[in-house]
Amino acid sequence: MTKTNPGRFFEDYRLGETITHAVPRTLSGGERALYHALYPARHALHSSDAFAQRCGLPQSPLDDLIVFHTVFGKTVPDISLNAVANLGYAEGRFLRPVYPGTTLRSVSEVIGLKQNSNGKSGVVWVRTTGLDEADTPVLNYVRWVMVRKSDPDAPAPETTIPDLADHVAPNALTLPDGLTFDRYDTALAGEPHRAADYQIGEIIDHVDGVTVEEAEHMMATRLWQNTAKVHFDATNREDGKRLIYGGHVISLARALSFNGLANAQMILAINAGAHANPCFAGDTVRAWSEVLDKADLAPGLTALRLRLVATKGAPGALRGDDGKYLADVLLDLDYWALMPA
Amino acid sequence: MTKTNPGRFFEDYRLGETITHAVPRTLSGGERALYHALYPARHALHSSDAFAQRCGLPQSPLDDLIVFHTVFGKTVPDISLNAVANLGYAEGRFLRPVYPGTTLRSVSEVIGLKQNSNGKSGVVWVRTTGLDEADTPVLNYVRWVMVRKSDPDAPAPETTIPDLADHVAPNALTLPDGLTFDRYDTALAGEPHRAADYQIGEIIDHVDGVTVEEAEHMMATRLWQNTAKVHFDATNREDGKRLIYGGHVISLARALSFNGLANAQMILAINAGAHANPCFAGDTVRAWSEVLDKADLAPGLTALRLRLVATKGAPGALRGDDGKYLADVLLDLDYWALMPA
Amino acid sequence: MTKTNPGRFFEDYRLGETITHAVPRTLSGGERALYHALYPARHALHSSDAFAQRCGLPQSPLDDLIVFHTVFGKTVPDISLNAVANLGYAEGRFLRPVYPGTTLRSVSEVIGLKQNSNGKSGVVWVRTTGLDEADTPVLNYVRWVMVRKSDPDAPAPETTIPDLADHVAPNALTLPDGLTFDRYDTALAGEPHRAADYQIGEIIDHVDGVTVEEAEHMMATRLWQNTAKVHFDATNREDGKRLIYGGHVISLARALSFNGLANAQMILAINAGAHANPCFAGDTVRAWSEVLDKADLAPGLTALRLRLVATKGAPGALRGDDGKYLADVLLDLDYWALMPA
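First to last, the protein sequences are chains A, B and C.
The working numbering applies: residue 1 is where the first sequence begins, and numbers increase by one.
The working numbering applies: residue 1 is where the second sequence begins, and numbers increase by one.
The working numbering applies: residue 1 is where the third sequence begins, and numbers increase by one.
In case anyone wonders, no lab produced these hints; they're calculated from the structure.
A hint or two may mislead.
For chains that are exact copies, the list does not tell them apart, and a pair is met inside one copy or across any two.
Unchecked claim - Simulated crosslink set (BS3-like; lysine-lysine; CA at most 30 Å straight-line): (1) LYS294 - LYS114; (2) LYS241 - LYS229; (3) LYS294 - LYS3; (4) LYS120 - LYS294; (5) LYS324 - LYS3; (6) LYS149 - LYS294; (7) LYS294 - LYS241; (8) LYS3 - LYS229; (9) LYS241 - LYS3.
Generate the whole structure from the sequences, applying the supplied hints.
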C-alpha cells in the first residue's frame, strides 16, 4: 500500500461530507516579519501594536491575508492537489482578528458537485472554515475547483450547485470587538483620504510595480504550507516554469494598493475572485482598484467594496471585446475593506 | 598580526582538546517561521502549539534540524573552514526539545586524528555538543572532516581513530519528558500510518520535488550563522557555482519525507550520513526513504530507523556496480524518528 | 484628485518644518531572524540573550542597523521618492538599545535647502529621529538628498546649509544603561582582539565575499518598508536592473566585518557615509575597515572610529588619482563602534 497522499479525485468527494485538514499551525511574529519581507505591506493596523491599540485592539493583528493563506494552504492536500483549475471564491468572511500565538486549522464541507460533460473531471464546491485553538471560527469562505477523475468510469454524482451570494451583504460583515477609529491618525496611516473621499466608480492606479523572483514566491507559498507541486518543481511543466500561487498575487496586489488606499486597513470579506492568467517569476506585478460600493457599518467605520486588479503590464482594461480577461490581467478580486468614515 | 580568522589547519588540532565555539544564538518564533518558508516542513509537532500540548509538551518545539543546524553552524569557523570534505556523522543524539527563547552554543572535543598518507591533509573527528543557556546538553554528535595542513612539514600526530557505533542503540534514544501519543490525532497529523503500518525494508517514494534557488540556500545557511565561503561567494569556485550547504539538503529531504512519513514526528538520533554529491541551485531535489529497523521505546512510542535519500533526478538506485554513490544521489542519511506505535 | 502619493519635490520643502512619517512598525524576533538570514551577522550581543545579559542588558537588542533601516525606511515616501541621489549622512547617534516588541516611528525636520544652479533640482537636508512607542528617541541622524523640482519655475528658497559636525564627538556617544564588559567572554564573542589591540591606521581585510541575489535585497528592503521603486521594479531602468538599497550594502559590509572586528559589538554613531557606486544583483560584496580613531568612554568600554569600505572586487584603494571613488567601491562609511577596552 502506498503511504503517500495521492490527493483526492472528483469521484472521491461526497456532498455534505466534512474534511478535517491536516497540520495545525501556530503563527508568531516570525510570520508577520516574513509577510513584510515578501510583500510591500504597509497598512498601519497590521504593522504597529501602538497603532492597533489606538484603534481599540489589544495588539496588531496578523495581516488578514496571512490568515487566509494559512487556512487555504491546509486545504490544498485534500482539495486542490489534483485540481485542473481554481475557479472562484465567494462568501469569504473574516470573523475575528488573529494575533501572534494563535494556532489555526481548517475544515471544509463539500457543498456542491457537478461532473463535467466530458466525464473526465468535475467541479467541487467547498466551504472552508479556519478555526483557532479554541475551535472558534476566524474565517469562512467558499471556493470551487475543477478536479480530475481518477477513474473515468466512476459514476457521476447528482449535480448540486450551491446558491452563492453575489457578494457578502454589508450586514453580514463582522467588526472586531472594540474597534474604533475615533483616535485614528491619518498622518501615521500614510494618507489623508477617508471613506467619504472615495466615490463609487472611482479608479485608483496604485503606481508601483514589483518584479517577482522564484525564491520569493516559493518561500511565501511554503510559509503557508501549501504543497501544490506546480509552485516548486521546475520539472513539472514542459516549459520549465513554476506557476506562482494565486494567493501570492493577491498579497502583492493588496500590498501595492496601500498607495491610494492606505486607510483601507482591514479586509472584512472576499466577495469573489478570479485568477485571470498565470503569473511567473520575472513578471512585474502592478495593481489598480475600483470603488464598487460603500456601506456605513458603525459610527466612524465604513466599508468600501473594492475591485482589486493585478496586471503584469501597464494597468488598463480588464476584458477584451470577447468578454474574456486580457492577457495582462492576473487577478480580479472583489472585497470589502474597512476604513475610517 | 592579522585580525581575521584563518581557520584551523590539520596540525592545529590536539587530541582531547575542547574547543568553545563562538556566537551563542537565541532562537525565536522567527527562526521557526523562516524554517517553514525555506523548507516544505509540515510535521505537526513542530508546527502547532496545540498539537504539541496534546502530546504532553508545553509548546511546539523548534524543528530538530533547526537545533542541528544552529549547533553545527557554530562549529564551522573552528572545524571546517579549511575542510576539503565533510566525511561523515555518527552517534548523533537529540537530548531534549528546544523551545523558542532558548540560547544555544556549541563545544567540540577532538576525539580522533589521522594524517593522510600524502602528508598534505588529515582527518579530524570531533564530538560536538549543543548546550542551552543553562549549559544543559540538547544535542550531541560526532562528525569527521578532512582538513588541509598549512605546513606540509608539520609533524603527523599519533593516529587515533575513535570507536564509533554503527548506529545509536534504541536504549540510548532519549524521549522528551512528558511526551505521549495517547491522544494523537492522525487526521491533524496528516496521515493514518502508525509505526505498526511500516515494514522493515519498505521503500517510500516521497513524490514531490523542489527546485532550489540561490537566495534560499544562502538565507538558510546564514540563518545558522554558517560562514563557509563556498556557500556564498560565486567567485570562489572556477565554475562560478555556490556549493549548497549539505544541511540544506538534509532539511529539504526531511521535509519532503512528510509525504509518506507524516507521523515520524521527531528525529531522535542521526546514526550516519553522507553527502554523496554536491548540490547546486537549479537542482530539483527529491527524496525516498527505506525503513531499516523499528524499536518500541515506551507504550505507544516507537522509533523507526530510516534511511533518507535525497536525489536530484528520479528516485532510484543508491550505488552503482562499483559500490559508489550514483551521480544523482545527494544525501544518504540514517536516522531514528519517533512515531506513534 | 489623485489618491496616490507622488512624493515631495524640491519646492515642497520648507525650512524648519517637521514631517511625521507614516506607518509605525512593531519589531519582533521575526525581524531579528530575518536579519540573520539576509546578512552574515554574528556579533554576539545581537545574537544571544545570554551574552547580552552577561553584558548587563535585559536581553539581546535588535541589531543597530535593523533600527537604522526601519527608521530610514519610513522617511522614503516623504524624503527620497523623487530623489536623484542620496548624498550623505552625518551626526547619526544611536541613543538606546531597541528590543523586540518596540514600535518605531520616524519624524524629520528640514534643516537645510539649496537649489542647484541648474534650477531643476536642489539639495534637502533633514534631521530624522526614530521614536519608540513612548516617543523616546532611539536614533537621530542627518541625511541629505538631491531632489527634483516638479515645477522648474518654482522660486528658489533661501539657501541654508546646516553646520554639521565632521564626526560625532566621543562625549556625544551614548552608552546603554547598565552596559558593562566586565564579564565579557572573548571565546563566545569569536575573537580575542580588544580595543587595545587595534592601532590607529590599521587596515583589516574582512576576507569573505557574498554574491547578492535579487530576492535577498528586495526582501530586506521591503522588511524596512522602504518603497523606493528603483529597488523592486525591473522595468524602471532602461538596463532592466534593480538598484540595491544602499543600506543593504551597509548591513552586508558590517556583517562581513565580524571577521576581524568581532568585538566591535555595537554601532554608537554614524559619522558620515557615501554610497560610492551602485550595487546590483550578481555583485560579490567584500569589505575592509580602517581604524580611524579610538576613545575611552568608560572603564572597560572603548569606542573605535572605523572606516568601513564595501567593494565589489578585491579590496584595494578607495579613490583614484582624480580623488573620485574607484569603480569597485560601493560604500565608504565612517562610524563609531563599541568594544571591550
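Each hint, compared with the structure:
1. LYS294 - LYS114: neither (35 Å within a copy, 46 Å between copies)
2. LYS241 - LYS229: both (12 Å within a copy, 26 Å between copies)
3. LYS294 - LYS3: between (51 Å within a copy, 17 Å between copies)
4. LYS120 - LYS294: Neither: 43 Å inside a chain and 43 Å across chains, both beyond 30 Å.
5. LYS324 - LYS3: between (42 Å within a copy, 29 Å between copies)
6. LYS149 - LYS294: So LYS149 and LYS294 fail the 30 Å test inside a copy (43 Å) and across (37 Å) alike.
7. LYS294 - LYS241: neither (40 Å within a copy, 41 Å between copies)
8. LYS3 - LYS229: within (18 Å within a copy, 40 Å between copies)
9. LYS241 - LYS3: For LYS241 and LYS3, the Cα distance is within 30 Å only inside one copy (28 Å; across copies 37 Å).
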